[in-house]
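Asks: Residues per chain are reported as follows:
There are 2 protein chains.
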Amino acid sequence: MSKHWSRLISQVQPYTPGEQPREKEYVKLNTNENPYPPSPQAIRAMREAANEDLRLYPHPAYENLREAAGRRHGLNKEQVFVGNGSDEILAFSFLAFFDPDEPLLIPAITYSFYTVYADIFQVNYQTVPLKDDFSPRLEVFLRRRGNVLLPNPNTPTGKTISPEEIEKLVAEKEDKVVIIDEAYVDFGGRSAVPLIRDYPNLLITRTLSKSHSLAGLRVGYALGQESLVEGLWRVKNSINPYTLDRISARGAAAALEDEEYCQRIVSRVVQTRERTGRKLEEMGFQVVDSNSNFLLVTHPDYGGEQLFKGLKERGILVRYFPQPPVDDYFRVSVGSEEEMDAFLDTLAELV
Amino acid sequence: MSKHWSRLISQVQPYTPGEQPREKEYVKLNTNENPYPPSPQAIRAMREAANEDLRLYPHPAYENLREAAGRRHGLNKEQVFVGNGSDEILAFSFLAFFDPDEPLLIPAITYSFYTVYADIFQVNYQTVPLKDDFSPRLEVFLRRRGNVLLPNPNTPTGKTISPEEIEKLVAEKEDKVVIIDEAYVDFGGRSAVPLIRDYPNLLITRTLSKSHSLAGLRVGYALGQESLVEGLWRVKNSINPYTLDRISARGAAAALEDEEYCQRIVSRVVQTRERTGRKLEEMGFQVVDSNSNFLLVTHPDYGGEQLFKGLKERGILVRYFPQPPVDDYFRVSVGSEEEMDAFLDTLAELV
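Protein chains in written order, with this note's numbering: chain A, 1 to 351; chain B, 1 to 351.
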């Protein structure tokens, strides 16, 4: 606390990013990073972009990148907004679409940044409890008044909702904004992008951090009809017009053009997830059915925190969430085959 | 306007960045970019950083970059905050330090983004008129209640204030926060950094966009005592913890290490500024005394807007600001010798 801080910043509880330890080499399965390198075409494009043109500001419209994202999804560039990770786009969305006095509905267990945004932008949010199988209760989102922010798949559960269910939501809430955070959708969810054509109140956020293996590059984008996209530009141009640098914009466009590479590494992650899930079940774990690049797991005889700590002591970093009903679980990112073998072998020492 | 926009975003008037034209090749003297390339060491570091590690999130503390900035200024890394351009850091400062009901004092003519931040973060600001020579009226900042945001040198005037004047301000306003935006200070201003040791209410923002010729990289930093720096981290970790990517963090650190190169290109810009100013005066222009990498100029017989338009038609892009008392002026960035010759030759056709 400091007498020079604003009242707002004295009260907020900032987000705690997953550990990025420097002091020791861990098998790092805590932040859902992709175990495979990014597209070689993207790396080549970034090396080329590290040139003397860096003396100039980026083009603030980022047209090449928006065109690349549009092509990937069959949309035009006016339906694409780009930003510094989907984190930035989600933060901007709170300012662009949510009035403080209007409730925002989010799942009770979800990406823990959502409530931090709500606090700093003073948006009144309501949490909707999960079903017993950890799926979101769509009927409650439908029934309650308010805007909606829902990840699909959800994190840390990996549970998906269908585009048909999302369509019910956006159709019912035509005066409200429904944001679907598709950070993990490439790993097995079904995207709601085709609904954009018919629903001006649907915004979909995406990131290159997961399926495109570019967490270190900080690029995300949002898809929606022009009026929502324009709302995001208005926020961006009121805070920081150039949040993507010249290199990351070029690298991201090249990564989006190399869709075949992305699909190849995604399918390897999916295979490893399935294999790891089976092995965990053989070891007596319950594994939440995941369509993402992580698994949420629990063991009837061992606490989630206990296993998290035991793994960490042995050089394996996973993530533990202390909130019920997931406080008996831990989340493990799907790494390479070798990383998952190390994880499984170490876990076998603990149970 | 859209029914899905928040009330806030329906009302704000976003910042208009200087034009970054794509349709035509201009001599681009409108956004105060550096005419010389960035440090070759920085470019090399970025090419090296464009590697497979991009699959991993950046280290959220950005220690190497903060250490490099600290070394440059004789501070430790706890006194350094880093962000996506000083634009982002200034935006975060509004949330971190300014309560909406407390006035914020800014010069009447200054970087036009300041009032946009104030609008989007709903901070009540007051503008302080300039003196006749366009210097800021320090005595009014001293007398009025409120936090202070003041660029040194100011833009678009290029006018400086001395560290002694700044010390009076921070000493008088010990319960308030005084932010000095030193984006352009390397071109001839005297930095207020030595005051940080004695004044916990002083924050200084810096950018690599100007003197380090890295406008395309989006890196800035802020210097201050730990409690102010911590306030900024609280905001960053409530909005977007990783706004610098792995490549830009590496490149910026390398650029800050190559101080000798920076000084060399800065002194070339300063020489060109002096020569250009003299030539403009010979042509009958009045040139505001500038310690920056731009000149604010006016001609007794020709309007600023008229000259701006005439130059643009002839392929030279400068910047025009329609607010009195600078609405008879235009601002020209100091480019290379060749660019300034082209500018002066074209201008000679117009007057």
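Calculated directly from the structure, the hints in this document are not laboratory data.
The reader is advised that the hints may include incorrect statements.
[To be verified] 25 Å max Cα-Cα, derived SDA-like pairs, lysine to any residue:
no., chain 1, residue 1, chain 2, residue 2
1, A, K77, B, K279
2, B, K3, A, T298
3, B, K77, A, P17
4, A, K312, A, T298
5, B, K279, B, N237
6, B, K77, A, P14
7, A, K3, B, A171
8, B, K3, A, E167
9, B, K3, A, P163
10, A, K3, B, P103
11, B, K77, A, N64
12, B, K3, A, W233
13, A, K77, B, A171
[What the hints assert, rightly or not] Residues of chain B clear of chain A, computed beta-carbon distances all greater than 10 Å:
no., residue
14, P35
15, P37
16, A50
17, G85
18, T127
19, R246
20, T272
21, D341
Note that CB positions come from ideal geometry on N, CA and C, so glycine has one too.
Asks: All the hints need checking, so say for each whether the structure fits it.
Replies: We went through each hint and held it up to the structure:
1. K77/A with K279/B: violated (45 Å)
2. K3/B with T298/A: Answer violated: K3/B to T298/A is near 45 Å, above 25 Å.
3. K77/B with P17/A: Holds - the C-alpha atoms of P17/A and K77/B are around 20 Å apart, at most 25 Å.
4. K312/A with T298/A: Measuring from Cα to Cα gives roughly 16 Å; hence the hint holds.
5. K279/B with N237/B: Violated: K279/B and N237/B sit about 49 Å apart, past 25 Å.
6. K77/B with P14/A: holds (21 Å)
7. K3/A with A171/B: holds (15 Å)
8. K3/B with E167/A: Distance ~19 Å between K3/B and E167/A Cα, so the pair holds.
9. K3/B with P163/A: holds (24 Å)
10. K3/A with P103/B: holds (16 Å)
11. K77/B with N64/A: violated (37 Å)
12. K3/B with W233/A: Distance of about 16 Å is within 25 Å: holds.
13. K77/A with A171/B: Roughly 51 Å between the alpha carbons, so the hint for K77/A and A171/B is violated.
14. P35: violated (7 Å)
15. P37: violated (4 Å)
16. A50: Nearest chain A Cβ is 4 Å from A50/B, so the label is violated.
17. G85: violated (6 Å)
18. T127: The claim stands: T127/B keeps its Cβ more than 10 Å from every Cβ of chain A (closest is about 18 Å).
19. R246: At about 4 Å from chain A, R246/B fails to clear the 10 Å cut-off, so the statement is violated.
20. T272: holds (15 Å)
21. D341: Its Cβ never comes within 10 Å of chain A, the nearest being 19 Å, so this holds.
Hints 1, 2, 5, 11, 13, 14, 15, 16, 17 and 19, counting from the list given before, are not met by this structure.
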